[in-house]
Amino acid sequence: MSTTEIERQWTTRLRHRAAGKLPPEKLLPDTQPSYVSSWIYVFGVATLSSLILVIATGCLLALRGPSWWHGSYIGHFVNSLHLWSVEVFFFAMVVHLWGKFFMGAWRGGRTATWMTGVVTFLASLLTAFTGYVSQSNFDSQWISTQAKDGINATGGGAYFNVLNMGQMLMWHIVLLPLVAIILTTLHVILVRVKGVVPPYDDNAAATVTTEGATK
Amino acid sequence: MSTKKFRPDVDAPEYKGGYSPYDIIKEGTIAIVVVGILVVLLAVVFGSPDEPAVTLKRWSNAAPIDFATTALSELNGTSISASYGAPYNHNGPGQKLGPLGLARWVGVRIPINSADDFVIDPLQSLPNDPALKTGLSQWTHASSSTRSSWVANYTKAAGHMTFTNGNVVVPATHAGPVPLMINDLTHMARTGALDTALLSGNGFYTTDYTKPLLFIADGSYLGTLAQKQHMLGNQWGMMNETGSYPGQPWLWLYTFWYQVPPMNSSSNGDIEVFAIMIVLTLVLFFLPLIPGLRAIPRKVKLYRVIWREHYQSV
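Quick note, the sequences are listed as chains A and B, same order. Taking the numbering used here, the leading residue of the first sequence gets 24, the next gets one more, and so forth. Taking the numbering used here, the leading residue of the second sequence gets 431, the next gets one more, and so forth.
Derived from the structure by calculation, the hints contain no laboratory data. Every residue gets a Cβ at the ideal spot worked out from N, C-alpha and C, and that includes glycine. Be careful, since some hints might not be right.
To be verified - Quick look at which bits of chain A chain B covers, simulated, 3 or more residues with Cβ under 8 angstroms: (1) 34-48; (2) 71-78; (3) 117-131; (4) 198-205; (5) 214-222.
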């Protein structure tokens with residue numbers, strides 16, 4: 024096999040492209056611009072950390088099945104861990120979102136980073152909602168019977184039946200977490216590729232290339 | 431390479447300042463440990479709610495009149511489920527957004543016949559009750575107009591319904607087998623047999639609670655309990671959960687629209703709220719591309735607080 028042939032391989036091309044866009048020093052940086060010293064950055068890291076805890080506690084709940092936590096002290100405690108990691112996750116994510124808004128974090132070619140963040144937020148909302156309606160207790164009964172009217176009004180209730188606990192549980196523990204994890208990964212990769220948005224320059228009068236980089 | 435004017439809400443200035451050491455792995459590890467400790471503390475101190483689910487057995491024992499009245503509404507077609515429309519049946523117009531009836535376009539995908547699914551079919555599953563068997567046979571073989579007449583006569587007298595010595599008593603005349611059916615269904619529910627009958631419609635295994643949930647939600651017992659738990663629609667509804675737990679506060683904006691006119695009294699309130707939220711979500715998604723909105727952070731200047739160390743240094 025010639026060198027040219029190897030260079031044309033899909034695998035080789037993908038590796039070159041990935042290494043070009045996200046070299047190891049960008050993926051795992053050991054320095055950051057000095058402006059990355061605000062407390063606001065803590066909330067992005069806290070969002071990721073609590074997401075890891077949400078997934079870990081959800082996996083623990085899955086070990087013994089959906090009814091376990093209703094009749095077991097340990098199961099109930101694991102459920103409490105799951106609930107509070109979700110609450111911390113959303114708190115951190117909402118502060119992160121508002122922080123990024125007031126930082127104009129889409130500037131400098133970071134529109135896709137913003138958009139993946141918004142979609143991740145929406146996927147997280149839906150994941151949490153399906154969790155609430157698949158708890159198999161009074162909360163899930165009331166929330167699902169109220170929510171059905173909103174979803175039915177859009178026509179979506181015909182396919183996304185919030186009263187079907189099995190369907191909601193599958194969405195909650197398989198489909199939506201998969202979407203949320205993929206989107207989060209994509210969002211973090213974009214943050215690493217594009218870097219953290221620089222502060223506004225009130226006196227900026229520079230010209231800029233069509234690629235979005237300042238001169 | 432072409433050049434153009436710097437757009438402060440689109441372009442980012444080139445950073446020419448210094449760099450600081452940054453240990454991303456160490457920071458991530460510390461964050462997980464700190465958040466983990468916080469979550470454990472919150473779980474230990476506050477726990478989590480787990481109010482038991484309402485069963486048809488519990489409902490019919492706690493409020494037999496409400497149960498029997500609801501069963502009658504399933505039979506006479508006045509319950510929420512019976513007159514819902516798509517996706518359950520064709521008995522209601524469904525909500526509309528202007529001329530758009532989205533649910534109706536999708537059609538009936540989860541067919542529910544309230545009279546058959548919640549009353550007749552469960553009663554037919556009861557064994558060893560000759561009187562009921564005769565009554566159900568009478569019902570099955572009667573014409574539609576005769577059935578309607580029986581149900582109408584029973585409904586007229588249902589305002590005087592009492593629950594006496596374990597029986598539903600209604601001073602109705604010319605109501606055919608309806609008094610027997612409502613009374614037997616109430617007995618069935620009070621033993622717990624109706625919970626099983628509504629679930630086993632799909633076979634031995636099931637995880638679909640559509641039928642019992644629709645039936646329970648048609649009564650007022652569930653709503654009474656929800657009101658005590660501050661979970662009604664006008665109490666910011668489903669973003670709350672039982673007890674004093676935070677629930678889903680991230681749904682506040684969605685729930686907010688249900689509290690204000692015209693959505694709080696509109697028969698199309700759900701689809702109107704959905705439409706508003708879809709528009710707002712699209713605005714949030716496309717915000718970097720919307721002139722004016724994307725300039726807000728630059729004009730508000732909160733970034734000077736966020737990056738105050740940076741601005742102090744320059």
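Taking the hints in turn, this is what the structure says about them:
With 0 residues having a Cβ less than 8 angstroms from any Cβ of chain B, the region 34-48 of chain A misses the three-residue criterion, and the hint is violated. For the region 71-78 of chain A, the assignment as covered by chain B holds, since 5 residues bring a beta-carbon within under 8 angstroms of that chain's beta-carbons and 3 suffice. Closer than 8 angstroms: that is the beta-carbon criterion, and the region 117-131 of chain A has 9 residues meeting it against chain B, so the requirement of 3 holds. Requiring three or more residues with a Cβ within less than 8 angstroms of a Cβ of chain B, the coverage given for the region 198-205 of chain A is violated, as only 0 such residues are present.
Chain B is given as covering the region 214-222 of chain A, and this holds because 3 residues of the stretch bring a CB closer than 8 angstroms to a CB of that chain, at least three being needed.
Hint compliance for this structure: hints 1 and 4 are not met, and every other hint is.
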